[in-house]
Every structure is written in C-alpha cells, then in structure tokens.
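**Q** Two chains, two frames, a set of hints: combine them into the complex.
In the order they appear, the protein sequences are chains F and H.
With my numbering applied, the first sequence has no gaps in its numbers, which climb one by one up to 113 at the end.
With my numbering applied, the second sequence has no gaps in its numbers, which climb one by one up to 110 at the end.
Don't read these hints as lab results, they were simulated from the structure.
Certain hints may be false.
[To be verified] Here are some, though not all, of the chain F residues that point toward chain H, as calculated from beta-carbon distances under 8 Å:
hint, residue
1, G43
2, P44
3, L47
4, G61
We put the beta carbon where it would ideally sit given N, CA and C, even for glycine.
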Amino acid sequence: GDSVIQMQGQVTLSENDFLFINCTYSTTGYPTLFWYVQYSGEGPQLLLQVTTANNKGSSRGFEATYDKGTTSFHLQKTSVQEIDSAVYYCAMSAGFASALTFGSGTKVIPCLP
Amino acid sequence: EAAVTQSPRSKVAVTGGKVTLSCHQTNNHDYMYWYRQDTGHGLRLIHYSYVADSTEKGDIPDGYKASRPSQENFSLILELASLSQTAVYFCASTGAETLYFGSGTRLTVL
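So here's chain H without its partners, still in its complex pose (with noise of 0.2 Å):
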C-alpha cells in the first residue's frame, strides 16, 4: 500500500508570518505533487517535482515556494503567508498514473 504522509495535520499560522508544510513518501515515486483544496474550485495544482532537487509550477503558484532535497520529501513554502492562503493542502506522489494522496494539512492564516 503506497503511504504518503503529510505533516502537520493542522496550523495556526500568523498574517506575514514563514510557514512550511512537510510531504514524505516511501513508494519510491520519483513524481510528486502539492494541490491545495477549497470549497467550489476542487484541488488546484500548486506545485510539482519529477525529481530530486528539482521543482515546477503549477497552475496557482503565486505565494508558494517548493523544496524536494529528496525522492521521499517534497515541502510547500508560504514565505509571507496571507489570509487568502487558508485552505486544505494535500501533497501527492505518483510512479505512472494513479496519484496517492497524503491525509491533508488544515491551514489558518489568522
């Protein structure tokens, strides 16, 4: 069973403040994928790497940064984080076509 896990499950984080969201996968998929969730516009890709120490834009990666120093990690960056950036993140991996999804991190930007 391919095990994607995201941490942390939930953050509180502060308007102008650095937050970092943490993906690792042990399926040994060289693809993976932060997407970011909110009620009527589905799961919006932010985004992507199909390598190690290599990252590419998504669809809505304005605000966001990516870091994959590693096969198994993948982390989504909000240097300044805005009220706008409240929403569900979920980060996935893939080896061909089916994408597993970790569990999701719930994140408040008060």
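Chain F on its own, in the form it takes in the complex (with noise of 0.2 Å):
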C-alpha cells in the first residue's frame, strides 16, 4: 500500500537558522505530494502542495522540493523564526480527491539564540 516516512520526530534550532525536513515515499499510483502545518490548539492547514518533479513550490518563507528519482521530498526554510513553531507534515494522495497518507510529523522548536 501507499506509505509517508517521515524520521525527524522533532527539530530544535535558533531562530534565523537554516531548517531542513525530508520525507520518502512510496506508491504504485502518481502522487501529488503536500506539507501541512499544524499549529497549537488547531487543525492542520495546508503549506504547500507540489505537483512536478524536481519543481518548486514556496509558501510564507517556506520552499519544497520533490526528487522522483528517490522518491524523496523536502521542506526548507533559510531562516526560520518563533513563529514557525508548530508540526510539519508531509503528505501524499494517490489521486483526484484520494484520502492523503501523512507522513508521521516533525515538531519544529525554534529558540531564540
């Protein structure tokens, strides 16, 4: 079936320095990969949703990528502040309106350097 791992269980770092998460992949369909954002107390809400291999999506500072060679994708951001604390998830659907699998979420805490 189709899988999300997602290894970074939580990610502590300074503000302003540079964050990095990855997530592979694994289906028999053509994925249409996503990063959700949930912040405390709240659902989560979409970030970004890349359709194209090796193109970028960028939203709110926050960059994605998406390799299908290694059926890897990643979400960075070159300097991340306090108010990106929250959990980060990556996603997948298998098709048009298909239930997402999520990956199993990285908890970002920034910390003021």
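**A** This is the structure in structure tokens:
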C-alpha cells in the first residue's frame, strides 16, 4: 500500500537557522505531494503543494522540492522564526480527491539564540 | 474560507460506552474524512465518504463506524469505547485536493 516516511520527530534549532525536513514516499500510483502545518490547538492546514517532479513550491518563506528519482520530498526555510513553531506533516495523495497518507510529523521548536 | 466544525471539542467517556463525534462542513464538498492523531503516528485514516449515505473503510476502521446522512454532516461512532481509542480526532473535507480540517475533538476514554 501507499506509505510516507518522516523520520525526524522533533527538530530544535535557533532562530534564523536553516530548517530542512525530509520525507520519502512509496506508491504504485501517480502521487501529488503536500506539506501541512499544524499550530498548537488547531487542525492541520495546507502549507504547500508540489505536483511536478524537480519543481519547487513556496509559501510563507518555506520552499518544497520533490525528487521523483529518489521518491523523496523536502521542506526547507532559510531562516526559521519563532512563529514557525508547529508540527509539519508531509502527505501524499494517490489520485484526485483520494484520502491523504500522512507522515508521522516533525515538531519544529525554534529557540531564541 | 472553507469551514469544518467539529463537536464536541473534548469529551471524556467511560470504557464500554458509546461515543459519537460530529462534523459539519459548509464548503459544499463531496468528500469527507475522519483521521485519528496520536503522538508518533501522525494522522491515520479511519473512515471516509464520497457521497451522502455511503461510507468507506480507511486504514484503521476497527472499533469505529461512520455515518454520512447528508452532504454536510459526517459522524464517527464508537459503539464500545476502549482505552486504546484515547486520541485526538480530526474531520476534513475536500472538493478536489486540498483538505480542510476541523479543529479536532480530544477524546479521553477512562
């Protein structure tokens, strides 16, 4: 079946540090890939959608890349801020309106330097 | 702005009791989903529905039933609640690819 692996459970870094989160996926279909963000006390919300291999998406200073060859996708931000404190989920859809398969989430904790 | 409303926001239930979690969307979306969130597991799909009066099993349906009486409403039912069903439950809807989530229901089974 479809699966998404997100290894980093928690990332603690200083403000203005570089943030990088990595996910790998497995599917027999044609995936659409997403990044969702969940702030404390809220439901997840869409941060980025990446649909084309080797193309980047960007939103709120975050950038996403997708490598079909290695079946991996990444989320990065050059300078993380305290307001970026949240849980970030990678997710995959195997088709139109298909239920999303989520990774296990990465909790990002920016600290004042 | 898409709107998905879940009720209650939190609930404490006793083992063996019946629990119903409700979800209402005003997005005119056909597709609705119930996910369960646990630390270390992320979000896992319990049940989903593509049309009123029809539901489908997701990845972890055991111990749960779902009901979709109308396009706007989607319920998750725990007939015999168990300790292992303590979690945060999220409802979501979509008309295409972007999922819109509710704020979640925190269920504690004692």
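**Q** Each hint should be assessed against the structure and marked as holding or not.
**A** Quick rundown of the hints versus the structure:
no. : hint : result
1   : G43  : 3 Å, holds
2   : P44  : 5 Å, holds
3   : L47  : 11 Å, violated
4   : G61  : 20 Å, violated
Checked against the numbered hints given earlier, this structure breaks hints 3, 4; the rest are met.
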